[in-house]
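Asks: The chain contents come next:
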Amino acid sequence: MTFPPIFFELFVLALGILILLLETFFEKRDRKMFAVVGIVGLAVVFLFLQASGPGASGMASYVVDPPAIFFKKLSVLTTIVVLIMSIDYADTIKRFLPADSPQAGLGEFFALPVLTCAGMMWMSSAIDFILIFVSLELVTISFYVLVAYMRRNASSLEAGVKYLILSALATGFTVYGITWIYGVTRQTNLVQISQVLPSISVDNQPGVLFGALLVLIGLGFKIAAAPFQFWVPDVYQGAPTPITAFLSVGSKSVGFIVLLRVVQAFQSLPAVGDKLITAVILLAVATLLYGNLAALPQTNFKRLLAYSSIGHAGYLLMAVAGISAKDSGQAVVVYLAAYLLMTLLSFLVLVIVSNHGGGDEIVQFNGLSKRSPFLAFALLVAMMSLAGVPLTAGFLGKFMVFKVALETRQFLLIALAIITVGCGFYFYLKVVRAMYWQPAPANVAAIPVSKLSLAAIIIMVLLIFVLGIFPQVALGLLPG
Amino acid sequence: MSLLVHLIYLSPLVAGVGILLGLPARRTAAIAAVIALASALIVFLGYDRASSGYQFLSSLPLVTEWDLKFLVGVDGLSATLLLLTSIVALASVWLAPKVQEGENGYYACILFIAAGAAGAFASLDLFFFYAFHELALIPTFLMIGIWGSGNRQSAAWKITIYLSIGSIVLLVGLIGLYLLPSPAQRTFDIVKLQQLASTGAFSGPGSRSVYFLLLLGFGTLVSLFPFHTWAPQAYASAPVPVTMLHAGVLKKFGLYGLLRVALPLMPAAARSWAWLLLILLAGNILYVGLATIAQKQLDLTLAYSSVMHMGYIFLGIASYNVIGLNGAALLMFAHGLSIAALFAMSGELRKQTVTLNYLDLGGLATNMPTLSFVFGLATFASIGLPGFANFASELLVFFGAFKNSTPGAGFNEFQVVGTIALWGVVISAVYMLRAYRAIFMGERQARWQMVKDMPLSLGWTVMLLVAGLLIVGLVPRTVLDAVEPGIRLFVK
Numbered sequence: 392m393t394f395p396p397i398f399f400e401l402f403v404l405a406l407g408i409l410i411l412l413l414e415t416f417f418e419k420r421d422r423k424m425f426a427v428v429g430i431v432g433l434a435v436v437f438l439f440l441q442a443s444g445p446g447a448s449g450m451a452s453y454v455v456d457p458p459a460i461f462f463k464k465l466s467v468l469t470t471i472v473v474l475i476m477s478i479d480y481a482d483t484i485k486r487f488l489p490a491d492s493p494q495a496g497l498g499e500f501f502a503l504p505v506l507t508c509a510g511m512m513w514m515s516s517a518i519d520f521i522l523i524f525v526s527l528e529l530v531t532i533s534f535y536v537l538v539a540y541m542r543r544n545a546s547s548l549e550a551g552v553k554y555l556i557l558s559a560l561a562t563g564f565t566v567y568g569i570t571w572i573y574g575v576t577r578q579t580n581l582v583q584i585s586q587v588l589p590s591i592s593v594d595n596q597p598g599v600l601f602g603a604l605l606v607l608i609g610l611g612f613k614i615a616a617a618p619f620q621f622w623v624p625d626v627y628q629g630a631p632t633p634i635t636a637f638l639s640v641g642s643k644s645v646g647f648i649v650l651l652r653v654v655q656a657f658q659s660l661p662a663v664g665d666k667l668i669t670a671v672i673l674l675a676v677a678t679l680l681y682g683n684l685a686a687l688p689q690t691n692f693k694r695l696l697a698y699s700s701i702g703h704a705g706y707l708l709m710a711v712a713g714i715s716a717k718d719s720g721q722a723v724v725v726y727l728a729a730y731l732l733m734t735l736l737s738f739l740v741l742v743i744v745s746n747h748g749g750g751d752e753i754v755q756f757n758g759l760s761k762r763s764p765f766l767a768f769a770l771l772v773a774m775m776s777l778a779g780v781p782l783t784a785g786f787l788g789k790f791m792v793f794k795v796a797l798e799t800r801q802f803l804l805i806a807l808a809i810i811t812v813g814c815g816f817y818f819y820l821k822v823v824r825a826m827y828w829q830p831a832p833a834n835v836a837a838i839p840v841s842k843l844s845l846a847a848i849i850i851m852v853l854l855i856f857v858l859g860i861f862p863q864v865a866l867g868l869l870p871g
Numbered sequence: 002m003s004l005l006v007h008l009i010y011l012s013p014l015v016a017g018v019g020i021l022l023g024l025p026a027r028r029t030a031a032i033a034a035v036i037a038l039a040s041a042l043i044v045f046l047g048y049d050r051a052s053s054g055y056q057f058l059s060s061l062p063l064v065t066e067w068d069l070k071f072l073v074g075v076d077g078l079s080a081t082l083l084l085l086t087s088i089v090a091l092a093s094v095w096l097a098p099k100v101q102e103g104e105n106g107y108y109a110c111i112l113f114i115a116a117g118a119a120g121a122f123a124s125l126d127l128f129f130f131y132a133f134h135e136l137a138l139i140p141t142f143l144m145i146g147i148w149g150s151g152n153r154q155s156a157a158w159k160i161t162i163y164l165s166i167g168s169i170v171l172l173v174g175l176i177g178l179y180l181l182p183s184p185a186q187r188t189f190d191i192v193k194l195q196q197l198a199s200t201g202a203f204s205g206p207g208s209r210s211v212y213f214l215l216l217l218g219f220g221t222l223v224s225l226f227p228f229h230t231w232a233p234q235a236y237a238s239a240p241v242p243v244t245m246l247h248a249g250v251l252k253k254f255g256l257y258g259l260l261r262v263a264l265p266l267m268p269a270a271a272r273s274w275a276w277l278l279l280i281l282l283a284g285n286i287l288y289v290g291l292a293t294i295a296q297k298q299l300d301l302t303l304a305y306s307s308v309m310h311m312g313y314i315f316l317g318i319a320s321y322n323v324i325g326l327n328g329a330a331l332l333m334f335a336h337g338l339s340i341a342a343l344f345a346m347s348g349e350l351r352k353q354t355v356t357l358n359y360l361d362l363g364g365l366a367t368n369m370p371t372l373s374f375v376f377g378l379a380t381f382a383s384i385g386l387p388g389f390a391n392f393a394s395e396l397l398v399f400f401g402a403f404k405n406s407t408p409g410a411g412f413n414e415f416q417v418v419g420t421i422a423l424w425g426v427v428i429s430a431v432y433m434l435r436a437y438r439a440i441f442m443g444e445r446q447a448r449w450q451m452v453k454d455m456p457l458s459l460g461w462t463v464m465l466l467v468a469g470l471l472i473v474g475l476v477p478r479t480v481l482d483a484v485e486p487g488i489r490l491f492v493k
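Quick note, the sequences are listed as chains A and B, same order.
Numbered according to our numbering, the first sequence spans residues 392 to 871.
Numbered according to our numbering, the second sequence spans residues 2 to 493.
Isolated chain B, as found in the complex (with noise of 0.2 Å):
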């Protein structure tokens, strides 16, 4: 079971290398893709939910002295996202368009981010927990710079400046962590971590500095408010498979990273920061949330409103309660399925029309009744409407921050952030509808005549995408079932 856990990342990152060398891109991908969803569905229903805890652990011991191995395993949650890294990996690779030069790059690059993806989130040791993330980096780059299209070559820099500084922000605040308890009891170890913490080890003097480091590193990497400057312009840019698993998977580390090391270690500090962190969210919710709706392109629209949905993950996180954090988690699954679709059916908008200016477009339900159908389901389940996965836990997490109440003292700050969270739906609604109605609805202009429907390639990757989100909405027990125990176990 554990080797299988291992082929989740070695398979993409071994077929890219194979890939460089020589192998035939597309197919090695494909074989490469489906073989970690493979694994990573029979780990995700493998996992023992009745005990919880950590399971399939291997570890290869490195430096004793630092008490530093490379050690894999899973919970629920690392499970779960490692589950939605797979399938979206999967899509992205399917949905890759033909490229004229540099085919084996291009694929290669797409395995390299996915195998940094799933690396972090199988990753039981800081030091490649962190690392992991990091090998997604100069793909990203490469990939922007080379097969980007329109503004490429600034979204590629901003992005990359953006996130290393991010995550040297993070390295930082992960060593000061590393140093925390005293010298016998250091370990990179995050299982040994989390059974420190509860003798106190990460309670000293430098808790809040370090999980205020924590925070901010962890918080570029998820365009939390106001460093998120650079992920509207590069998941604009960038060429449709990197933005579906970076809007969609990879973005998510910094969150996962929050639930895995910052919240379970430090909780003391963590509270005592919920302050910043809900006035930040609320800037993620209601300034981007009002600047998407400014936006007339649709994969701008899409863009800012992935960075305006971290929001609601960061109140969930906030609200430092059972039902929040769960909320959040399922969150992080929801949207990760919901952006991959919509930004992988808007790849096929731009494929056929060149321009995705909605005062260009109109009418277009006519010539693409299965694209625009399924297009509605995804508008749907991103704004949050109920049988979609993406309600399920918005319903979570706006429980959670109005459950954070002291009992007849009014509103507090949790209800406050939680009410204009829930005006966030709105602007949601008023972004996506909009949306939808240039593009498919209204006269349609002459020129579009020739657009054709989806192809039946992409149609059967989005339909999976949609379904997944169908299934965690009717029955959201079960993600929950596999996340809940962890959270449990910090959160009393």
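Chain A with its partners taken away, still in its complex shape (with noise of 0.2 Å):
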């Protein structure tokens, strides 16, 4: 059975619509249903690309390569389980929003996550300008709704005002750099920008490498690279969890997509090429040192991993400075599929264990290996993973960034990086030893986990060792 290629983003974009019309329809049932039902939709579409394979498309600004099929179905898995972490995260919205009826606006915090990975789908297909930015406004503006969502919480709200203008300013960027590109090339679409580049004039060429940086600029900001990461530990700090789990994950996913499609695009031109690269090692250098240096006084587990979340664009960001290399996709993609089992695992713990304890500082971890072993448990192998223990899915990511980046000979990154891991092992480890060393705090009871949230931690966990110890499950993910 084929379908068109795009309707995977339009069954997403029902889906949502459908959870919304529930809302009004169902008024009485528990809320926490439609949630199951975007579960259970979003697992239907994660099955039907798990069976389809690249093709043609017939479109000319939408491609179906073997890496658009992985960021989709990275998009999908993702918003799964941010829905899992919404159910649990229910009740503290609920306490922060107007209480004219008890499970208002609840139906809107479910559906908005699954228009959200409608808008990531597509974005993992295009190849135009264009769609690149509709479908980046799409998200962005679900997001702008999601992280102000708590409406009564200042902190939230601060959060969502910062996430709006600053992220706005970096439309503004994107936008102003494809007008220059535009105007060079006379051309929207990356492929045909890619056959373009070459004949243009030496006259031009300051121009479309101005357009170039503009455009990598608001990506920046999108994947949390450094110079334009301070919104980052606000806005994570102040959404809802699972938005921030969600802004961390997916929001940065799709824009290495994007960035590596540009990028590629200019490698046609090596004298424009060539400086883009120079671009992205500096932003790379100052992603590694902020987000690891920034991250090492962090007492709150939310800000840490906000800061730890920058530290990872900057691996990523040598995986993409080696991008002559032949691995350099797939060390992106692997370590992007890392990424995202172990920053949900943390983040869906986290959930779990401030709905119990009342906040989401390191502190509330402390004696958590006797108060809930698994979840301890479950947070140790996402922290380790995170700061690159072998065998586990983190060393695999890191291992191949390594590689690329030894490959493309990047040897200030190199020893950048090593010091960097190693700050990476202090601060992962502050955690482990507030939930191991740390005595319990008096009289606190056993942590209960919903049935769904076992089920995802337990794939999580797995799926970190699975990735870690058979290479090539993850090698897999991006065939060709």
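Just so you know, these hints were derived from the structure itself, not from any lab.
If the Cβ cut is set under 10 Å, some of the chain A residues that face chain B in the computed set are:
no. : residue
1   : K761
2   : A778
3   : P781
4   : L797
5   : L820
6   : Y827
Far from chain B by the CB rule (all over 12 Å, computed), these chain A residues:
no. : residue
7   : A405
8   : D482
9   : A559
10  : Q578
11  : P688
These numbers come from a predicted model, not from an experiment.
We put the beta carbon where it would ideally sit given N, CA and C, even for glycine.
Both chains are given apart, each in its own frame, so use the hints to dock them into the complex.
Replies: Following this line, the structure appears as structure tokens:
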């Protein structure tokens, strides 16, 4: 059974609208059921995506190549886990919404991530600046709402405003860059641009480079690369935790597929392509240093994960900078797959623990190994993987990034990365220390875990080990 | 037979997981350790020394385009180290004290450390060789942090951060090694890499930098001066089983890596960096040796001494001839047994007296005749008195160093450092005998009247370790016959 490739996005879009309608027609029902509808629907999409292969799309601005399919699967999986988290988080959401009915507002909270997912899936396939821009905005505008969702919580509102203003600014950079590129090449399609570039006159090269750098700035904002990272800590800390997870995994991943496609397109003209690579290297240097060093003193777990997400963007940029190596794209894909698992796992455990402790501070995790050995072990695995301990998925990602960087002789980046990996061990193990070394506060009960979350945690822990021990599974994510 | 090789690392690994899931901790751990020891012994004895080379190979291809597979097998060197690992692992499981809280976690961590070491020695693929060793990092962090003594938190941080940075340097070196040959020849398979070495695939321009990274990475893991500062504090603070495993076995991974990967593949680079290694190892012997004399506590003395003795092994490696490398390999085995025995007994002392400070102790031989006797034997072994394996191996190391001479040219750098190392034996004698006198001889303070001799379980375990030292010391051929053919393959 074959579908036109765009069917998947349309189906997800319809699913999001369906959840909105369900809210209207089944007002009395438990809203958490709507999330389950979303999860089931997305799971079906995932299965069909799994069965589908690359092929012609029949559209110039839209491709169905292996990376596109991979990133679509990644978006769908992320959304599923985010919905699972949202169910656990629903009680916290309710506290910060005007209470005209017990469950008001929850339906939209479950519908919006599904709509965002559709945007991410489009973005995965987009090879035309216009489509890239439109899908990027679909994603970003949904996030404006989601980040500020807890209306009565000042920090959520603050995060929303910050995200809105800075994101709009970044969008401005992107659009301005696109116009420059269009002005020189008369094209918005990346394939066409790549073909036209070698024939442009030398006088026009600075113009293209300027445009490309502006686009890089806009994308740097999306993937949280330093020095465009300043929105990350506050927004991550203020947003509802499932949305933070969504931002740090979903938004970042699709930012990287676009970045890869754009950087690749400009390689056809070395005069511009090489300078673009240099810019990416500089971004990587700043991002590695900033993310990992600033994470060292953090005491809030959500903020720690925010800085860690900046740090991981640095490793990913290292792989992008090595785009001339054969495995570069694969390194990005493997790293992101690992990043998805370990970050979502951390956030899921965070949501469950903070529901029963009342905060996101690392102190809340004190003695977790005694209160809930299972959750502590799951978070231990996530932290090991984030730090890059072998036989976990995170190590394989780092391994491939280092391999690509060595192949393309990025010695400065490698020397820096050695130091930042050491930093990473410190701040990730800080969480482990809290869980295992510190005594539990008195009179705290064991933490109940819902069946759905339990299943999600077990699956993610297993996947982290499977990817780490059998690298061929991870490499199979991006065939060819 | 290859199944037995898998059992050596799999049985502690599986038992560790089982214990975490709720199996009875102590019994399961002991059974797993016995199975591993039995398998390691059969593998060691069953290894065909006449035909040498890698034996009992079994592989599971994973990534064909990288030529990455899970390849397991042994040669004489790894069979010896696997035997050492399982002996020390059994001893440390046996000696593990009664744990009030989280007993399952305690035993699981010990088993994971043992499995990590065994897996690294059994792997013949760069990826898993590296990965298994790192597997032991997190359990060590947890063990020292939760069940350690003294300044445990800072010790745990220090060892973890130090070793993680050392490992990542090593990782970059190993990836560099993988990338050295032409793309069609690249492989993670150590057996194939060693065959490739003879075609000159690793003598290109990058080989010197790659060897430097490997030396730095492996060196940090073995506490090569000046990257040794993680070791003393960690060994003094860690629970006894962890110290036994780490100082006795896990630390040998770096040396094993040099012998298995760095030297055979890049002999020219190894020779060109020998001067650096010589300077650093002289630091191990002289600087750390003097620092050892300054220690006022038994656990710190032992911890520093274990750093110092690495200098001799490095000397054997730097000499790069059959006799020196033989000595290095034998000393890895001997040091593993002797330091494990010493730490086991110091753990018993601490349990009874709480303090290990020399000023507080004294005259304990009256209460602990057996312990003081066995401790004396282990002390002699550690100094390197004839009859113990340490003597045989240090002798070979010195011969190896002196053999690197240019006829008629006077003393060269090898002989200078060899002479320093000879003085190191005197340094060892000073601090070990001083420790012995301070603890077991002289006036006994009244408060130690209730101190009892060591329990039978500890007695048997330590006797086993010392007996191993004696057997190999009197008949060094038991180990050398297994190790030497492998060394002769790459040293011409």
